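**Student:** Numbering-wise (numbering that gives the first Met the number 0), the sequence shown opens with residue 0 and increments by one.
You may find that some hints are simply not true.
Pairs of lysine to aspartate or glutamate residues, derived as DMTMM-like cross-links and limited to a Cα-Cα distance of at most 25 Å, are as follows [what the hints assert, rightly or not]: (1) 154 - 140; (2) 42 - 144; (3) 75 - 90.
Derived by calculation from the structure, the hints in this document are not laboratory data. Computed from a predicted model, the values in this text were never measured in an experiment.
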Amino acid sequence: MNPMSMDRDEPTSLSSVSTNHPLEQFILLAKGAKGSACAELIKQVLEAPGVHVFGELLEMPNIKELETGPYATHFKTLNLFAYGTYKDYLENKSEYLELNPVQCKKLQHLTIATLATQEKCIPYSVLLEELDIKNVRDLEDLIIEAIYADIIHGKLDQECKRVEVDVALGRDARLEDAAAIADVLADWCNACETVLSSVDRHIQRANHHKQRSIRHQQTIEQEIGFIKKTLKAQAENEESASGGGSETHSAPKKNSRAVNKIRVTLRSRGSTKCEVMSQGREEES
């Protein structure tokens, strides 16, 4: 059956529409539904697996028409699933449809997602109160189901009696929530700028230390080369002087003393000093 040409007062059926996103099925069906058909569609979407956002459906003209009239309760219940919590339902049951067990569990899962946006470590005591659950075992079962349904990603801390949330499903946002969302995003951007500035400073400091280490290494290598050349030249001079003294006996007698002293100070971070001293004596017999 073509959803655009269906009887406007007939209950809709998901079997006639197939799309990739679960909510898209209901949006397509809602385009051709009126009155009781829209009301029945709302009941179906409230318990449909995989559908956890409802804002787009709420904005459809055919659904908005239900806000006043005999199906106002259906519209309020859809609005509850979009923005409300399980505690809201318990406090005002007369304003909403009576939920079946599947719908109750979905609203409880959505409530966990809402609590996860307020704090990342949710105590069991808060969850027990907000979800109206009487014992911890049932609470943990519900949380595990929410994790497997991708409502939240996290883990149970049974020792501390809390659930630690890493990521939570994003729920529908009201127009009046836009300012608060903008503030959160602005704070996040400021935090990113602070982190980037800190990273830049660390990079500059690391580069400075690297260049200083390179210059220090070059200085050491130059000094080592100088020492090698000096020692080599000194050794050659001593050999030459020793050979000349044995062959020449007519040279005037002299008493001389040659002292060569080389001191090289290599300063590094630990102020390391290397001193090389060489002393030679030449006497005329």
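**Student:** Please go over all the hints and tell whether each is borne out by the structure.
**Tutor:** Okay, the hints, checked on the actual structure:
A hinted pair counts as satisfied when its Cα atoms are at most 25 Å apart, and residue 154 with residue 140 qualifies at roughly 12 Å. Restraint check: the Cα-Cα separation between residue 42 and residue 144 comes to about 22 Å, which is no more than 25 Å; the hinted pair holds. Taken as a hint, the residue 75 and residue 90 pair is honoured in the structure, with Cα atoms around 14 Å apart against an allowance of 25 Å.
Of the numbered hints given earlier, the model fails none.
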